[in-house]
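K.L.:
In the order they appear, the protein sequences are chains A and B.
According to the numbering used here, the first sequence holds residues 14 to 125 in order.
According to the numbering used here, the second sequence holds residues -1 to 111 in order.
Source of the hints: derived by calculation from the structure; they are not laboratory data.
Remember, predicted model here, so these are calculated numbers, not experimental data.
Check each hint, because a few of them may be wrong.
Unchecked claim - Selected chain B positions facing chain A (Cβ under 7 Å, derived; list incomplete):
#	residue
1	P38
2	E40
3	F44
4	S47
5	P77
6	G81
7	F101
To be verified - Listed below are several chain A residues computed to face chain B (Cβ distance under 7 Å; list not exhaustive):
#	residue
8	F25
9	P52
10	L103
11	P113
12	D118
Note that the Cβ used here is the ideal one computed from N, Cα and C, for glycine as well.
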Amino acid sequence: DGGITQSPKYLFRKEGQNVTLSCEQNLNHDAMYWYRQDPGQGLRLIYYSQIVNDFQKGDIAEGYSVSREKKESFPLTVTSAQKNPTAFYLCASNQGSSQPQHFGDGTRLSIL
Amino acid sequence: DQQVKQNSPSLSVQEGRISILNCDYTNSMFDYFLWYKKYPAEGPTFLISISSIKDKNEDGRFTVFLNKSAKHLSLHIVPSQPGDSAVYFCAASVRGRARQLTFGSGTQLTVLP
């Protein structure tokens, strides 16, 4: 059945290390998104992509990078430049501007 | 600057009663609003949405009301069930930027048996 798969569920990063979070969808959605959630806060948009080979910065893009080489995949790299990377990361997708976004189950990133 | 605000971090109601979750927004350009439900360690699940051309949308036990003049929306759950216990987020977007959602900080709903 269709959905959004995020992996891994838990991820640990050492200081100065880049890590990549995976997001795959088989919903045939054009648009994909990455959000970050911190305790007691809402979701904040990091990056989004409306079409393959194109992506745009969201509200908190600094320290993150993305690629969109395939329609079904939108990986997020948390670089060493992101000074406070500990958070719950959520990937979403949708089809059409009037359609709701559907979310994966998230990746929790922690710093060792 | 929080454009979407959920001022109640938590709400407790008895099973069978009505749950009312509130959300205020400041950006008058918002014209599409959604409610999501989230369990711990899972992604949010879409519940219901409303366009600014309407003031009410109903789906089973869930009804969303929009008051544009007050820049306020609310989610009513009737009757409330223990399985409704979760964090509820409201979100808003702007036509033309409709793919970008701005989220509130969430309200933890606890339905007591």
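K.L.:
Next, verify each hint and record whether it holds.
P.N.:
Structure-based check of each hint:
1. P38: At 10 Å from the nearest chain A Cβ, P38 (chain B) fails the 7 Å test, so the hint is violated.
2. E40: This interface hint holds because 5 Å falls under the 7 Å limit.
3. F44: Status holds, d = 4 Å.
4. S47: Since chain A brings a Cβ to about 6 Å from S47 (chain B), closer than 7 Å, the hint holds.
5. P77: Given a least distance of 24 Å, the restraint on P77 (chain B) is violated.
6. G81: Cβ of G81 (chain B) sits 18 Å from chain A, so the hint is violated.
7. F101: Because about 3 Å separates F101 (chain B) from the closest Cβ in chain A, which is inside the 7 Å limit, the hint holds.
8. F25: Status violated, d = 16 Å.
9. P52: 10 Å, violated
10. L103: With a minimum Cβ separation of about 5 Å from chain B (threshold 7 Å), the hint on L103 (chain A) holds.
11. P113: With Cβ-Cβ at 4 Å, under 7 Å, it holds.
12. D118: At about 5 Å, which falls below the 7 Å cut-off, the nearest Cβ of chain B leaves the hint on D118 (chain A) intact, so it holds.
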